[in-house]
Structure formats: structure tokens, C-alpha cells
Amino acid sequence: MPEGLVTVATVVPPQPKRASVPLLVRLGGAWLLAMLAVALLADVIAPYGYTALDLRNRLSPPVTLGGSWLHPLGTDELGRDVLARLIYSIRTSLLIAFGATIIGAVVGTTLGFLAAHFRGLVEQAVLALVDFSASLPFLILALAVLAFFGNSLVLLVCLLGLHAWERYARIARGLALAAGAQGYAAAVRGLGATPWRIYGRHVLPNIASTLIVSMTLAFPEVILLESGLSFLGLGVQPPETSLGSMVGYGREYLTRAPWILLAPAVTIVLTTLSVSLIGDWLRDRLDPTLR
Amino acid sequence: MLRFATARLARAGLTIAMVVTFAFVVLRLSGDPAQIIMGADAPPEAIDAFRTAWGLDEPVWVQYLSYFSAILQGDLGRSMRDGRDAIVLVTERIPATLALTLPALLIKIGLGIPAGIFAALHRNSLADRIVMVVAVAGFTVPSFVLGLLLVLVFAVQLGWLPSGGQESWRHAILPVITLGLGGAAVLARFTRSAMLEVLGQPYIRTASAKGVPWRSVVTGHALPNAAIPTVTIIGFMVGSLIAGAVVVESVFSWPGVGRLLVVAVSNRDLAVVQCILLLVAVTMVCANLIVDLLYGLLDPRLRSGTRKAG
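Chains as they are written, first to last, in the working numbering: chain Z, 123 to 413; chain W, 1332 to 1641.
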């Protein structure tokens, strides 16, 4: 099989030179890598613990506004270092966003495959669920679930994981049906492969690029949802801190100490912007049909 | 057309029934409401009395049926906190929310669609780039950040407008702008890509080739076809008129449905949450239904169901 591919590739006339990666996408990638590094190394690089108080330097401004290098981004009402809190918030927010995006992709893809495999009643049930999720704005649904179940970090990740599941389900179902019609799935089935093997080893790799693009597009939405919920005080609960809850807390000091709020707000915007730029670029690159 | 409409109506009914069931299931899964409301150390007699009063001592399926029939009769329960009818609590907040979301919808449509069309018609021009940058920013800047930045500039620094509350029409300006700008950006981006897709179709080339003036090609062929996907997203925006301002209302302390929802969630006032959930679902489903019927009018192919995939 690989030999066949190689011969075909040599016959095809040389591809036009690939356009280089746009500057904005590179910047976005660099920012995202920096955020990942911050998240991974949070314990090492944070100058203080995120709950450590410095009562003598409360509401101290950042260095750019005449503060001291002791607290480069200033401190809040309790004298907690904004930089340290920002670093830990980045870790929490990214952890939640990654966890939730992966859960959504796995749940959605599995349901999509189930619908495509069993057809009939299972498919109708999955499609009805898809209709149901499309009928409610996700924020409202999330708020309702939080009201009913109370809050915990695990619940929050699982809940946000349900965001966009229906998109993956739709894509996976459609593509799996198409794959079934394409023969290679039928061929391995004819060879006696189990459904696990057919979908896991053959269909999934073939549709992975579309799914990855959807994940990149859903990721910033999850960050925005988490920060929105945390901003409302209904997401990440103190003493844990996330970018959204930092903004929500800083709002109380909007007039006296806007830096508490601005640092996490800028981080949210730059991060979602970076992922969106990368996602749009990947989509144009890998999957022009997805819009 | 009639069959098409009936089928869509049946699906809408099914979706609402699913939302009702969802609310019921989640409510029951979440634990014993009597314990939650009365507190863990409430005397057993009080809890029993509460259970009897709310029908919690019946078998689950009886509860489900009575729950369903009560909702069909418009009885959505009473607020477990202040004892008033949940539906009354919610409906009296609706005008305040609409006072924000309706003008915001006008901004979204009035700004977003023309910007999207203009950008598509002048693809890769400076104007197109600007529209796209603003549109991406509109998506990536969360509404609470935009709202707070507006407060910081126009209320705190310049002192032109109030930062929150609902005393006069001037209080509505910042929240309406916050809501409108974000939505306009989304709509502009969507309209642009819908237009670009249509402009690439063979029938546009045919029309231009046979000498139809470009202006008539755009108004006669491109716009009506690009309207179809755009109507979907506007339908979604109409559907979220009731509860599309949860975050913005909280930023500006605006006493609308969204604010009520946030307060009800933090108090775990389940009847109110559930009432808002159903109200939103019904609005959304109705908006989707209208969109689907509009589709049938806009696109005759959909009526008979012969539309080709893609």
C-alpha cells in the first residue's frame, strides 16, 4: 500500500510552492506555546503562591504605573500578587479548556460513530439529542445544570465538555457514513474486522483532520464559556482562580485598581485570538469544506 | 409546503418535550430538593411536610406526569425562595431584557449585514481587512471584557455615561453597545462568507457573462441566495432575545431575565431556573421554526426535500 502511494506521488506534477505560514498565525502559535509553558511551569515561575498575602503592599500598582518590581503587575485588595495569580489562572483555564475540548470531541465522535454504525433507532436518538442541544444556548444550559448540581471543578470540566459535542457528532456521523460508502470500511469489514477496529483504526484516521479543525475552533469558545461562567461567580470557585474569576473579582476595583482586571482580560483576548487565528488557518489549509 | 410545516412543527414539539424531560431528570438527579432547600439539619417533620407540599412523596413516574401536565397548563411552580409564581417573577423581567436586546439586535443587523456584504464585494481590499479584523476581535473579546472596558473609558475616565443600573435611557447605552457590537461582528463574518460562497457559484458567472449589470447580479442573484444561511444566524439571535444578555446584564447590574437567572442559580432557586430554561427553549424553538418556514419560502427546493447535500 505505501509503495503504491509513493509511485502515485511521483507521477503527480510537483505541487506549487506552499505559501509560508502567515505572520499572525506564527505570532498566535508563539503566544499559545508561551501560555502552555506558563501553565506547565506555573509552580516554578510564579513569584508567590496565588493565595499568598502581602498586607503591606495592598492595591500596589504595576511597575509601568510607578509600582515596585516586588510585584511587577501590582497587587489586589488583599495584597496578593497579580502576576502570580495570573500564572495560576492561566493554568486552571487552559486545563479546563483542554479537558473540556477533549471530552467534547470524544463524546461527540463516539455518538456520531454509533449513529452511523447502528442506524435506525440509535441514529434517531442521537439526532434528537443533537436537536435538543441546538435548541438551547449553551450558557443557559450550563447555568441550569450548575443550579441543579452545585459546583465542582470536575463537574465544570465535564459540563463544558458537552459544549459542541453535537458538532463532532454530526461531522463524525456524516463522514463515517461516507466512509462506509467508500469501500475501504466495507473491505476491512469483509476481512472480519470488529467495529472497534474499523472505526478506531480505519475511519478515525481518515476523518481526524476535520475533527482536529473542529477542536481548534471549539477551544476558544470553551475558554470564553469558562471565563464567562467564572466571571459570573458560577464557574471556578475561590480559592481556586481562573482568568474569568480574576476579571470578576477585579471588577469590584475597576476605578481604584484597573490592573487587577486588565491583566487577565488581555490574556483571555490574546489566547482566544491566537487559537482562532490558528483554527481559521488550519481550516483553510486542511478542510475547505468546513465552514 | 403544508407537509413540510407539519413535520417541522412536530419536531419542534418533540424538542420542547425533551427540554421539559431534561429539566425533570436533572432536577431529580440533583438530590433531594427538600434537603437542599430546608438545609441538612432541618427537623424530619418539616422535611416530610415540604415533601408532601411539593408532591415529592409520590412515585417518580406520577411526579413526571403531574409535572408535565402542570407545565402544559402553564403552571411552572413557585419560587422556592420567595413563594411567588416563577412565571410571574420571570415575565416581569422580560421588558427590561428586551429593552437591551431589541436595540442590540437592530445594531447587529444594521451594522453586521451591510459590513459583511461590503467586505465580500470588495474582497481583499483595505475595508475587507478592517471588517475581518474587527469581526475576529468581536468574537474573541468576551462581552464582559468589552463591557468593562467601555465602563472604564466612558463611565470612569470620561464620565459621560452611567456605569450600571436602570434609572434612565442613558443607562441602556453602554449595555446595548456591548451586546450589539459583539453580535454585529459575528453577523458580519457570517454574511461575508455566505456572500463569498454565493459569488463563486456558476450562476453568478453566467449572469455576468450574459451582460446583466453587476448591480443587478448582486441584488437579484447574490443577495437572495446569501440570505438563506444568514437567516439561520439571525434566527438564533432572535431566539436569544430573552436570555441572550446574561453576562452583559450582570456587568451593568441591569435587572433583566439574565440577572434573575444568575441570582436564581447561585441561590439554587430551581423553579425559577427551570422556568427560564423552558422559556428560552420555547423562544429558541419558535425562532428556529420560523426560520425553517422562511427557508421554505426563500428556497423552494427545501419544500419538497429535493435539495442536494452540500
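If you're looking for bench data, these hints aren't it; they were derived computationally from the structure. Ideal placement from N, C-alpha and C gives every residue a C-beta, glycine not left out. One thing to keep in mind: the hints can contain errors.
As the list claims (entries may be wrong) - Some but not every residue of chain W turned toward chain Z, in silico, with C-beta under 10 angstroms:
1. Phe1353
2. Val1465
3. Ala1468
4. Thr1471
5. Phe1475
6. Ser1494
7. Gly1496
8. Leu1530
9. Ser1571
10. Gly1575
11. Leu1592
12. Val1593
13. Ser1597
14. Asn1598
15. Met1615
16. Val1616
Hint check results:
The closest approach between the C-beta of phenylalanine 1353(W) and any C-beta of chain Z is roughly 7 angstroms, which is under the 10 angstroms cut-off, so the hint is satisfied. Checking valine 1465(W) against chain Z by beta carbon gives a least distance of about 12 angstroms; that is not within 10 angstroms, so the hint is violated. Look at alanine 1468(W): its Cβ gets to within about 7 angstroms of chain Z, closer than 10 angstroms, so that hint holds up. Below 10 angstroms, beta-carbon pairs count as interface contacts, and threonine 1471(W) has one with chain Z at about 4 angstroms; its hint therefore holds.
A distance limit of 10 angstroms between C-beta atoms decides the matter here; for phenylalanine 1475(W) the minimum to chain Z is near 5 angstroms, and the interface restraint holds. A hinted interface residue such as serine 1494(W) counts as satisfied when its beta carbon comes closer than 10 angstroms to some beta carbon of chain Z; here the least separation is about 8 angstroms, so the hint holds. For glycine 1496(W), the suggested interface contact is broken, since its CB lies about 15 angstroms from the closest CB of chain Z, more than 10 angstroms. Taking 10 angstroms as the C-beta contact cut-off toward chain Z, the hint placing leucine 1530(W) at the interface is violated, the least distance being around 14 angstroms.
Of the supplied interface hints, the one on serine 1571(W) holds, with its beta-carbon coming within about 5 angstroms of a beta-carbon of chain Z, less than 10 angstroms. Interface hint at glycine 1575(W): satisfied, since its Cβ lies 7 angstroms from the closest Cβ of chain Z, which is below the 10 angstroms cut-off. Look at leucine 1592(W): its Cβ gets to within about 6 angstroms of chain Z, closer than 10 angstroms, so that hint holds up. Checking valine 1593(W) against chain Z: minimum C-beta separation of about 5 angstroms stays under 10 angstroms; hint holds.
For the restraint placing serine 1597(W) at the interface with chain Z, the shortest Cβ-Cβ distance is roughly 7 angstroms, inside the 10 angstroms limit, so the hint holds. At a threshold of 10 angstroms, the smallest CB-CB gap from asparagine 1598(W) to chain Z is about 9 angstroms, leaving the interface hint in force. Because the beta carbon of methionine 1615(W) sits about 5 angstroms from the nearest beta carbon in chain Z, less than 10 angstroms, this interface hint is met. For the restraint placing valine 1616(W) at the interface with chain Z, the shortest Cβ-Cβ distance is roughly 5 angstroms, inside the 10 angstroms limit, so the hint holds.
Hint compliance for this structure: hints 2, 7 and 8 are broken, all remaining hints hold.
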